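Visitor: Chains as they are written, first to last, in this note's numbering: chain A, 1 to 112; chain B, 1001 to 1113.
Because the hints were derived from the structure by calculation, they are not lab data. Computed from a predicted structure; not experimentally measured. Hints are supplied without guarantee of correctness; some may be wrong.
Claimed, not checked - In silico lysine-lysine, BS3-like type, Cα no more than 30 Å apart, as pairs:
no., chain 1, residue 1, chain 2, residue 2
1, A, K70, A, K26
2, B, K1068, A, K70
3, A, K56, A, K26
4, B, K1024, A, K70
5, A, K26, A, K69
6, B, K1024, B, K1068
7, A, K104, A, K70
8, B, K1068, B, K1078
9, A, K69, B, K1024
Unchecked claim - Okay, the calculated bits of chain A under chain B, using three or more residues with CB under 8 Å as the criterion:
no., stretch
10, 66–80
11, 99–108
To be verified - To list a few chain A residues with every Cβ distance to chain B over 12 Å, as calculated:
no., residue
12, G16
13, N31
14, Q33
15, Q37
16, E55
17, R62
18, A90
A virtual CB, placed ideally from N, CA and C, is assigned to each residue, including glycine.
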Amino acid sequence: SQQGEEDPQALSIQEGENATMNCSYKTSINNLQWYRQNSGRGLVHLILIRSNEREKHSGRLRVTLDTSKKSSSLLITASRAADTASYFCATDPTGANSKLTFGKGITLSVRP
Amino acid sequence: DAGVIQSPRHEVTEMGQEVTLRCKPISGHNSLFWYRQTMMRGLELLIYFNNNVPIDDSGMPEDRFSAKMPNASFSTLKIQPSEPRDSAVYFCASSLGGATEQFFGPGTRLTVL
């Protein structure tokens, strides 16, 4: 099964609302990353949080990491229609030869 | 910087034909990854190179798939012979090292009839 599993699978919100997406994983990690994919495009890196970090911010993005619960959340504040995309979490498991394992993604729709 | 470059962007071929996908990573990056994305299986890592050497090819589906990286600025993924179940979007990504931030190309959409 996937190392990183996102929840929910799909999310629909109104522009201006906050969007919260969750990711759970199974094994210990070196870092966890979030990526965005617009329709028909490649993935774009959003943020990386290391295993010894608990929270990180980048613009309207806030990521938390709870290694005791093996989970992470991505919060997008004041969402915009342009945030409509698929969002993936990717984990770098310890001892995994420095390769990332991606979840299946969350489809976020932001209604204007 | 032009980013990761992939060609072709779209490929339609018939079952049994050979398919070659190409990738030029970002200059200076020493890690290169080939992924396959489908609705059913999501994003799968096929093979990972570090300093032009294959480190992990455990994701390569079968012997019909092969990948090479003859130098730091070029890699190919070959499927021979192709089958309809190979239809997917194939992404190439590069990074400065292993599990740091990865930069993805635009992908090659492969359709095998």
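Visitor: State for each hint whether it applies.
Guide: Structure-based check of all given hints:
1. A C-alpha spacing of about 7 Å is found between K70 of chain A and K26 of chain A, which places the hinted pair at or below 30 Å, so the restraint holds.
2. Among the hinted pairs, K1068 of chain B with K70 of chain A is inconsistent with the structure: their alpha-carbon atoms are about 36 Å apart, more than 30 Å.
3. For the hint pairing K56 of chain A with K26 of chain A, the CA-to-CA distance comes to about 21 Å; that is within 30 Å, so the pair holds.
4. Simply put, K1024 of chain B and K70 of chain A have alpha-carbon atoms about 35 Å apart, too far for the 30 Å limit, and the pair is violated.
5. With a C-alpha separation of about 9 Å, the suggested pair K26 of chain A and K69 of chain A falls inside the 30 Å cut-off, and the hint holds.
6. As the CA atoms of K1024 of chain B and K1068 of chain B are separated by approximately 12 Å, the hinted pair is consistent with the 30 Å bound.
7. For a cut-off of 30 Å, the pair hint linking K104 of chain A to K70 of chain A stands: about 17 Å separates their Cα positions.
8. With a C-alpha separation of about 9 Å, the suggested pair K1068 of chain B and K1078 of chain B falls inside the 30 Å cut-off, and the hint holds.
9. Restraint check for K69 of chain A and K1024 of chain B: the C-alpha separation of about 39 Å exceeds 30 Å, so the hint is violated.
10. Counting residues of the stretch 66–80 of chain A whose beta carbon lies closer than 8 Å to any beta carbon of chain B gives 0, which falls below the threshold of three, so the coverage claim is violated.
11. Proximity of the stretch 99–108 of chain A to chain B, defined as three or more residues with a beta carbon under 8 Å from a beta carbon of that chain, is established by the 7 residues found.
12. For G16 of chain A, the condition that its CB be more than 12 Å from all CB atoms of chain B holds, with the nearest at approximately 29 Å.
13. Once the 12 Å rule is applied to beta carbons, N31 of chain A is inconsistent with being away from chain B; the minimum gap is 7 Å.
14. A Cβ of chain B approaches the Cβ of Q33 of chain A within 12 Å, the least distance being about 7 Å, so the stated non-interface status is violated.
15. At roughly 8 Å, the least C-beta separation between Q37 of chain A and chain B is not larger than 12 Å, which violates its mark as non-interface.
16. With a least beta-carbon separation of about 19 Å from chain B, E55 of chain A lies farther than 12 Å from that chain, consistent with its non-interface assignment.
17. Distance to chain B confirms R62 of chain A as a non-interface residue, since its nearest Cβ pair spans about 18 Å, more than 12 Å.
18. Distance check for A90 of chain A against chain B: the nearest CB is about 8 Å away, which does not clear 12 Å, and the non-interface claim fails.
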